[in-house]
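Chains A and B supply the protein sequences, listed in that same order.
The opening position of the first sequence corresponds to residue 1 in our numbering, with each subsequent residue numbered one higher.
The opening position of the second sequence corresponds to residue 1 in our numbering, with each subsequent residue numbered one higher.
Derived from the structure by calculation, the hints contain no laboratory data.
With beta-carbon atoms standing in for the labels, derived distance ranges:
hint: 1; chain 1: A; residue 1: Val298; chain 2: B; residue 2: Gly236; range: 34 to 44 Å
hint: 2; chain 1: B; residue 1: Arg19; chain 2: A; residue 2: Leu295; range: 45 to 55 Å
hint: 3; chain 1: B; residue 1: Thr232; chain 2: A; residue 2: Gly48; range: 50 to 60 Å
hint: 4; chain 1: B; residue 1: Asp28; chain 2: A; residue 2: Ser274; range: 35 to 45 Å
hint: 5; chain 1: A; residue 1: Leu295; chain 2: B; residue 2: Asp87; range: 28 to 38 Å
hint: 6; chain 1: A; residue 1: Leu90; chain 2: B; residue 2: Asp129; range: 38 to 48 Å
hint: 7; chain 1: A; residue 1: Glu271; chain 2: B; residue 2: Asp135; range: 33 to 43 Å
hint: 8; chain 1: B; residue 1: Pro262; chain 2: A; residue 2: Asp104; range: 47 to 57 Å
hint: 9; chain 1: B; residue 1: Gly199; chain 2: A; residue 2: Leu90; range: 57 to 67 Å
hint: 10; chain 1: A; residue 1: Ala180; chain 2: B; residue 2: Thr232; range: 33 to 43 Å
hint: 11; chain 1: B; residue 1: Asp28; chain 2: A; residue 2: Gly162; range: 45 to 55 Å
Pulled from the structure, derived: some chain B residues nowhere near chain A, Cβ distances all over 10 Å:
hint: 12; residue: Phe49
hint: 13; residue: Val80
hint: 14; residue: Gln128
hint: 15; residue: Pro207
hint: 16; residue: Pro317
hint: 17; residue: Thr318
Virtual Cβ for every residue (Gly too), placed ideally from N, Cα, C.
Read off the chains here:
Number of protein chains: 2
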Amino acid sequence: MNITILGGGGFLGRKIAERLAASGKLGDHAVSSLILFDLAAPAPLDAGFQVTCLGGDVADLPAAAIPDGTDVIFHLAAVVSAAAEADYDLGRRVNLRGTDALVDACRRLSRPPRVVFTSSVASFAGGQDANLPDDARQMPGNSYGAQKAAAELVLSDASRRGFIDVVNIRLPTICIRPGAPNKAASSFVSAIVREPLLGLETTLPVPEDFAVWIASPAFATEWLLHAATLDTALLGTDRGINPPGISARVGDMLDAMERARPGTRGLVRAEPDSTVAAIVGTWPASFTATRSPGLGFVRHGNLDALIAEFLAHDLEPTRRMRGM
Amino acid sequence: MNITILGGGGFLGRKIAERLAASGKLGDHAVSSLILFDLAAPAPLDAGFQVTCLGGDVADLPAAAIPDGTDVIFHLAAVVSAAAEADYDLGRRVNLRGTDALVDACRRLSRPPRVVFTSSVASFAGGQDANLPDDARQMPGNSYGAQKAAAELVLSDASRRGFIDVVNIRLPTICIRPGAPNKAASSFVSAIVREPLLGLETTLPVPEDFAVWIASPAFATEWLLHAATLDTALLGTDRGINPPGISARVGDMLDAMERARPGTRGLVRAEPDSTVAAIVGTWPASFTATRSPGLGFVRHGNLDALIAEFLAHDLEPTRRMRGM
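All chains, full assembly: derive it from the sequences and hints.
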């Protein structure tokens, strides 16, 4: 299989690449080549197949990023929520024009490739009262979510026309993200657990009974890999997948952290932030996600497993990344 | 009020322009100027206010089409269903890039104008069994509908950001369209009534119990004019309107025609067309449309009124147009 990862230098793109390198396979198929594309050429990767690292603008996609014979494209290239809100033109260029460029690149291929597109929970509204069904309308309250929902429509139509064969995965908020806090409104969702596990103090901008729809990096990666080899005949015309994340109360996340590392809960200080609460308050707290498990998307583990995953795989890399 | 109609040379654009010219007003406000923009400059219009006719590409919108001080923009410029299906690039250029160009033109203005966007029933699926609620998901089965739904997302987001103040009207299939049959899959919906009323034979490609969600030209025009002065504070974040059209069985349309002009029903010959049936079979047959009447969108008249409207206003112009 010849695979391209757009956004291959990012956190999830790298996780996918490392999984492919470790197994040499995607599903039952041996990987022949991997192209990692990002704004700056991603770092090289050791693998038992050819890996090419390319830098460039996804909205002006070079033909070399998606050569003829490409079987699978993971499309993770995006300007994320806070950045798309701060810079309308940049968000539109990358999140919409980048998707058009992907479609056009695929139209030049001899056969339509599988495209796995990372859409987002941010494309929905509903807030704390929501438990959204699989056919819920996407009515985003932010530019990032609007661009993701519009891109889903464009990709689903391109799929119906036979240019590509798409699966749109609406990822939950990823938690626990490695690395450092950032300016995203959702930054606290990871920070309230990651920072104390690093021995650092942090603040909680929302009440402890605030619920978020989350997934761990490992489950998100697993779902994206599954989407790459899923029999799309099972999807019919509905190419949107709400994967089976978990709805977690913030207080329960802190309790799970305290169980794993006693004493850490005391490092979290309540500091209500009405600006953050206003933004994240519109995001749906829960989905029924009844369709995706039937399509083979594995059910998410509990909060203790989520903490354990971070401790086992992402704590030390985070320490190194932050020079700790 | 300074008004621009993008797609001002089209059938509905012209109806709006003529209504404005006849009354000199939009809602309670006197019209100061009207710009009619279309691919070819629209024909001049007599009015008690300044009318400017401009030709050009909506995806490369000239600044003169939306000058500073514009209060209301009717955005009807579109590549319609059959054409967008036949030419992917053209549909994307006009239906998506044209919408972006509109947003960018509005960002240059001193104050955000009202934008009335004509979206479409084609942005929904559901078929003959559907009676779609107001919060139904848009899952289009054609490129035109996908582009309209994506444009709604972009315009709603631009509205949330304060660039514009949008109302997205999902128009039903317009019936009875004046003029001649065309290659649109929905062409028969008007033709089965229009052609016999002109004394011409025609064919019916679907069974008589096939139901369509329709609106007359006069009701569609009325809704678009209402949307231009509606208090959008009443809409909240949901800027999409399913106006109160009617769900009509094809057989009932033919019966109403026969009541109005005895003998016409015999001019309609059943000629099942599986290609047409496959396309129009995915369109929703009905909407609950409970929200729009509460927002002041007038309820549609019955089929007898729809036939009477055509006989009174569009039959003779159609005869002239077709040299009959």
